Amino acid sequence: MAVTVVAIFILPDFPSTTSWLSPMERCLAEVRMAEDAGGEVDRDTKEEARARTILLLLCAPPWAFATIVAFINARHADKTDERFWHIAGPLIGGIVGFVIAEATMHIASRYIALFLMAQSYAGFIVFFSWCSNSLPRPPSKRAVTLALINAFSQLGNIAGSYIWPTQWGATYRKSYAICIACFVCAIVMCFAFRQHLISLNQRLDNGEEVEGMQERRDAMEEAAELEGVTVEEIRQRRKGFRFAY
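The letter at position 97 of the sequence shown is residue 97 when you use our numbering, and the numbering goes up by one with no holes.
If you're looking for bench data, these hints aren't it; they were derived computationally from the structure. Please note: incorrect hints may appear among the correct ones.
[Unchecked claim] Now the in silico label distances, taken between C-beta atoms and shown as ranges:
no.: 1; residue 1: T171; residue 2: S140; range: 44 to 52 Å
no.: 2; residue 1: R75; residue 2: T53; range: 28 to 36 Å
no.: 3; residue 1: C185; residue 2: L28; range: 47 to 55 Å
no.: 4; residue 1: H76; residue 2: N206; range: 24 to 32 Å
no.: 5; residue 1: T17; residue 2: N150; range: 35 to 43 Å
no.: 6; residue 1: P15; residue 2: I54; range: 36 to 44 Å
no.: 7; residue 1: R203; residue 2: F71; range: 31 to 39 Å
Note that the coordinates shown come from a computational prediction; the quantities given were computed from them, not determined experimentally. Note that CB positions come from ideal geometry on N, CA and C, so glycine has one too.
Make the full structure from the sequences, and use the hints.
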């Protein structure tokens, strides 16, 4: 907060209103700002406004479609208690969209591909809930794991700035190929995680202990107090717990 207050008086607004610049520095800064602004050419503002409106309208439908798919996909995943195919399905749809965009320059086909690419976000939503559900205890472990997953997932945003160079245009086939490879890798890793959870469920069915699922009396007493039930009821619930996959 102190830095914010100090910054109000230190950070300059404009060269002409900055007291700690010399007259020569102030003049140089104003010249540089004028050069950066560049010149202005005659434009048809009405035509530009119409084109911009059409462009914005064309951008909206793919994301509106993705919103609907994400809602239906998440609700169905919760209802069926299934996770992997509700993640892989949207990702496969995204791969189809990438293939279409990679294979053709036909405008209508590429626009349809945008719908398939956008709806792949439905899988990401289920993925984060799957990770949270798969790490029920202890809470500290779940918090650290979710933070690590979220931080690692942002690497895609960093890499995404470098896989669309202008020299790969206008088809950007290499860029789409990279996206396809990443989606395939995600599906394979989710499948491996699914198989691991299936093996953990089999161990629970056999009465074996699974790390993070051991009974702790103090934790069960706290949960029973919060929910207003007996410790035995909490114990029975935990015995019936199985990982969703």
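These are the hints, each one checked on the structure:
no.: 1; hint: T171 <-> S140: 44 to 52 Å; result: holds, 48 Å
no.: 2; hint: R75 <-> T53: 28 to 36 Å; result: holds, 34 Å
no.: 3; hint: C185 <-> L28: 47 to 55 Å; result: holds, 51 Å
no.: 4; hint: H76 <-> N206: 24 to 32 Å; result: holds, 30 Å
no.: 5; hint: T17 <-> N150: 35 to 43 Å; result: holds, 42 Å
no.: 6; hint: P15 <-> I54: 36 to 44 Å; result: holds, 39 Å
no.: 7; hint: R203 <-> F71: 31 to 39 Å; result: holds, 35 Å
Comparing the model with each numbered hint stated earlier shows that all of them hold.
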